[in-house]
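S.K.: Chains as they are written, first to last, in our numbering: chain E, 3 to 296; chain S, 8 to 370; chain G, 55 to 482.
If you're looking for bench data, these hints aren't it; they were derived computationally from the structure.
All of these numbers come straight from a predicted model, not from anything done at the bench.
We put the CB at the ideal spot given by N, CA and C, even for glycine.
Among the hints, a few may not be true.
With a straight-line Cα cutoff of 27 Å, these simulated BS3-like cross-link-like pairs (lysine-lysine) come out [said to hold, decoys possible]:
| id | chain 1 | residue 1 | chain 2 | residue 2 |
| --- | --- | --- | --- | --- |
| 1 | G | 408 | G | 202 |
| 2 | S | 349 | E | 86 |
| 3 | G | 202 | G | 180 |
| 4 | S | 348 | E | 92 |
| 5 | G | 202 | S | 163 |
The following label-pair restraints were derived from C-beta to C-beta distances [to be verified]:
| id | chain 1 | residue 1 | chain 2 | residue 2 | range |
| --- | --- | --- | --- | --- | --- |
| 6 | E | 94 | S | 180 | 49 to 59 Å |
| 7 | S | 346 | E | 94 | 14 to 24 Å |
| 8 | E | 94 | S | 333 | 18 to 28 Å |
| 9 | G | 330 | E | 94 | 44 to 54 Å |
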Amino acid sequence: MNFLNYLISGISLGAVYAIIALGYTMVYGIANMLNFAHGDFIMVGSYIIYVLVSNQGMNPIAALLISIVCCAGIGVLTEKVAYKPLRNAKSRLAVLITAIGVSYFLENGALLIFGSNTKAFPSIVNWSGVTLFGGQVKIQGTTIVTILASVIILVVLQWFVHKTKEGQAMLAVAENYGTATLMGVNVNHTISITFLIGSGLAAIAGALMCSAYPSLTPYTGAMPGIKAFVAAVLGGIGSIPGAMIGGILLGVIENLSKAYISSQLSDAIVFSILIIVLLVKPTGILGKKVQVKV
Amino acid sequence: MSKTKTLSKTGRDHLITYGMVIIIYIVVEILLHAGLINNQMQGLLVPVCYYSVCAVALNLCVGILGELSLGHAGFMCVGAFASAIWSYQMQSTSMPAGLRFFIAFLIGIAAAMIIGVIIGIPVLRLNGDYLAIVTLAFGEIIKNLNSALFLGIDSKGIHLSLKSAIYLNLEDGVDPIVNGAQGIAGTPRDANFTIAVIVLLISLFIVQNLIDSRDGRAIMAIRDNRIAAEATGINVTKYKMLAFVISAGIAGAAGVLYSHNISTLVSQSQYFGYNVSILILVYVVLGGIGNMRGSVIATAILYILPELLRGLNKYRMFVYSIVLIVMMLLNWAPAAVMFRKKLFARFRKNEGTAEGGRKNGTA
Amino acid sequence: MEMRKFTSLVLAAAMGAGLLAGCGSSSSTSSSTASSAAATASVVTDTTSTTTANASSGDTFKIGVIGPLTGGASAYGTAVLYGAQVAANEINAAGGINGYQVEIVSADDENDAQKSVNCYNTLKDKGMQILAGTVTSNPCIAVADYTKQDNMFQITPSGSAEKCIANDNVFRTCFADPEQGTLSADYMSENKLGKKVGIIYDQSDSYSSGIHDAFVKEAKKDGLDVVSDEAFNADNKTDFSVQIQAAQDAGADILFLPFYYTEASLVLQQAKKMNYSPLFFGCDGMDGILTVDGFDKSLAEGLMLMAPFSASATDEKTQAFDTAYEKLSGGEAPNQFGADEYDTLYAIKAAAEKENVTPSMSVSDICEAMKKGMTEIQISGLTSDSITWDKSGAPTKSPRVYVIKNGEYVEESTSDSAATSTAASTAS
C-alpha cells in the first residue's frame, strides 16, 4: 500500500511538472528557444492569485481565470519586447541569455513588490479527496484535480494543434520557419499565440502546484521550471504527449527514489535517468529522429 | 621587429590579449601599492580572475568546439573540492605553502579532467540542446553528490559516506574533512591576485595556442560541419574529447583558485548550481562567442557591475536584470546591429577615411 | 570589431550610470524603477535609507550588517536588518552609545560566501568599525577569516555553525547548531514526550544538518529511538510526502523538524492531509511559522519549538519591539532573526559602554576593548532574560520551549538540567 501512496504522490508531482513542461515544449518547438524564464511565470501567476484571493477575498476560480489572462498577457509582452528582436540574431544563445535576464527581472520584481517572506498560498481546491482500501491509501483532492487538469490540457492542446488553423500554423512553423513564412503563415502571430498558451499554462500549473505545496516566495518557480525542462527533454522536446510522459515519469522517479533509495540523492538519480534515456534515445522518449543533411 | 612582422593576424590578436591582461595587472599593482584602490575593488580582483578563467574554458567549449555546456560550474566544483581536500589535509604538515598550492592545482586540474573524460564519453555522442541538457544534468549530479559526501581521514585511512558524518566512524578527536552540506571549512587562503593573473594567462595561452594549432583547426572544422569534417578524415570523437577535457581542466583550475580564495567551501546551488554555469555562459555570450579577450572583458565588467550597483540597495539586482536584457538587445538584435553599422559607417565617412566602404561583416 | 567596441562602450556607460547612482542619493533612482516595475502593489519603504548618512566620521559608530537581502534566504537577512534598525533607532533616541550615535551600514551577500567577503570589503570602505553579522553560517565563516586579519570585532546574530566563532574576535548571539540538537534530545527524553522519534532535515543546509547530527548522537545516549531519519535538500523542498510517510510507517510519535518555518509550514500541511499527527518538535528556525501570510494556524496546534524568541510574548519589551519592527517592515511580524540582531546591538552597546569605547578609536583597539567587554557584561534581551558570553564567543542563555496553543506561543517551563547551556565545551 505504501508503494501505491508513493506512486500517487509521484504522479501528482509529475502532473505539475507535465503542465509546466507542456509550455516549455511548445515554446521550444515553435520559437526554437529555451525559455529559462518559463518557471518564473508560475510564480507570477501564483502571486496574482494570492493577491486576489487572500487580499481581495475573490473567488479562487475567478482569480485563477484572471491570473491566466494576466500571465498570458505578460508572456506575449515579454516575447514582443525581449525575445522577438533577437529572433534572427546570429547566435541562438543570445535569446537564451535574454531569457535569463527576464527570469532575474521577474524574480527581483516580485521580491520588491511582495517582499521575501513566504506566503501561504490559498488552496484553490477545497476537496479533501478520497480514501481507498479502508484508509490505507488516501488520494488528496488536489492530486485528483491536478491529474485531471493535466489530462484535459493535454487533450485540448492535441486537438488545438492538430485540428485548428492556428494549430496547423504552429506545426508548420515548428517544421520549418522559413518555408512556413513563404507559405503565408503569419509567423509573428503564431509565435505570439504560442507564448500566450505557454504562459497561460504556467499560471494553471502555478495554481495547482501552490495548492498542493502552499508556500510562495519569489523563487518558487525556478526549480520546478528547471525540472519541467528536464521532463520536456526526457519526453522528447517539442513533443506535446512527450512532455506529459516526461513530466509524470520524472515525478514518479523522483518520489520512488526518495522513498526507496536515498532522499539525499534523489536529484542525482533523476538526472542520471535522464542521461541514460538520452543515451539510448538521443532525442528523448517521443522525440523525432532528425536527419542531418550535408 | 622582424619577428612581429611575420606574425599572422590572429597571432597579433593573441598578443593584444596577453598585453591587455599584463597591462591591467601592472596598472592594478601600481595602484595597489599607491593605496589608490579601495577594499571593495581589491576583494574583487581574484574572483574576476577565476570567473575569467572559467569563461575562457567555457568559451573553448561553446565558441571553438561549438557545443553548449551548461555544466561548467560542476567542473569548477570538482577542482575546488579535490584541491581543497588536499590543502586542508596538508596545512598541518611542514610542506611550504607555495609547493602545496602548486600541487593543489595539479590535483584540481587532474580531477576535473578525469571527470571531464567520464562525462565526455556519453555527452559528446549527443547533439545540440540535448548535449546542453545532459551537461546541466551532470553539473547537478556533481553538486548533489558533493553535498552528500562525507569524508574523513584518520590513522586507519580514508573514510567515506554518502549518508551522514556519524557513519564515518572516525576516531575520537578527528573531524571529518568534508562534512556533507557543511562542506569544508578552514582551507588555507593561498590565492592572490598575482597567482590568479598567472593562471589566467596560462589558460589564455593554452586555449589560443590550441586554436592556432592543427588540432584546433580540426576542432573548428567539426564545429562548422561535422559531417564534412568526418569525411575529410578528422577523428571527430577524439578532437571533441580533446577540447572538452581541456575545457574541463581549465574550469578545474578556476575551481582551485575559488576554493583557495575563501576559507569555506560548500556544494550548494548558489556556488556550483546550473545558475552559475549559466552566469558564466552570460559572460561568454556578452564577450563574444569564440572571442577569448571578450570573455575576459565581459567577465570583469559583469562581475564588478552588481558590486558597483550596491548603492541602489534593494533595487540592485532588479536594475542589473534590466541592464542585462538591454545589453543583450543592443548587442545581438539584428536591427540594432544594422543601425550600429550604419552609424559607424557615417562616422567614418565624416572622418574622411577611405576605409568607410570596406565594411567587413565579421564583427 | 565594431561590435566589440560598441559592447565595451555600452558596458562602460552602464557602469558609469551605476557609479553615479551609487554615489547620488538612491531614492530618486529607486522610485522610478519601482514605478516602472509594477504599479499594482505598494512598494515597501526603503530600509537602508532610514540610516541618514552622517558624513562626519569619528562621532558615530558605524555598525555593519551583512546578510542575504535577495535570493532564497532573503527572509532571514531582511529580518536581521530590520532588527538592527529598530535597535539602532532606539539606542540613538536614548542618546547613543557613550554619547555617540549609531549608524547601520548594510550590504546584500545573497547567502554567498564570496559575495559576503565582497560586502565586507565594501562596508570597510564605508567606514564600518564593528560587524554585527553575517546572517548565515557559511558566509560568516568566510568573513570571520577577514575580520581576524583586520582584527575587527564581529558578532553574528544567527551564524550558528560551530566554526563561525573559531576566531577569538568573533562572538555570537544564537545557540550553536549542535547545542540545539543536544538540548532538543535532552528535553524530549527528560519530559518523556515520546519514545520513537522521526527526523526530517534539510541535508543541504548546514544549520539543519548540524542540529541533526548532534541530535542523533544525543538521542542514542538518552535512550530515544530514532525510527526514521529522512532528508531533503534545497532543490526539493516542496514535496515532503515521502519523508512524512516514512515517519508515519515507522510509528514515530515525535517528528523532529530542525529546519526553517518556510518548509515546516509545508510539512505540517502535508502531514495533516495524510492524517498523521505526531508531536511536532522544532528548533529556533521554526519560529515565524505563525507569521507566514495566510497560514492556517490550526495546523500548528500543539507544535513544540525550542526558540529564543516569540513575537506574541506579552512583555513590554517584546511588544515595543514588535511595534517598531512592523513600522519599519511595513507590517511584517518579527521573528527570532530580528530579535537576535536586536540583542546583538544591545550587547555591543553594553560592552562598548563597559570599556568606554569611542568611534575615534582604531578598529583594532575597538576590537580588543570589545573582546574584553563582552565577557564582563550580562544583558537582558528579547531572546533571554540573561545572556552572558565567555571568551570563546559563545553565549550562555537559557533555552525556552514554546507550545503553540490556540494560535499563540505558550512558554513551557524548562527543566533545570536543560536550562543552562554550557557552550564552552562545544567551542573548545
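S.K.: If a hint holds in the structure, say so; if it does not, say that too.
M.R.: Hint-by-hint comparison with the structure:
1. 408(G) - 202(G): holds, 23 Å
2. 349(S) - 86(E): holds, 22 Å
3. 202(G) - 180(G): Distance ~19 Å between residue 202(G) and residue 180(G) Cα, so the pair holds.
4. 348(S) - 92(E): holds, 15 Å
5. 202(G) - 163(S): violated, 34 Å
6. 94(E) - 180(S): 49 to 59 Å: For residue 180(S) against residue 94(E), whose Cβ atoms are near 56 Å apart, the range 49 to 59 Å holds.
7. 346(S) - 94(E): 14 to 24 Å: holds, 22 Å
8. 94(E) - 333(S): 18 to 28 Å: Once the Cβ atoms are compared, 20 Å apart, the range 18 to 28 Å for residue 333(S) and residue 94(E) holds.
9. 330(G) - 94(E): 44 to 54 Å: Holds - the Cβ-Cβ distance for residue 330(G) and residue 94(E), about 49 Å, lies within 44 to 54 Å.
In summary, the structure is inconsistent with hint 5 from the numbered list given earlier, while agreeing with all the others.
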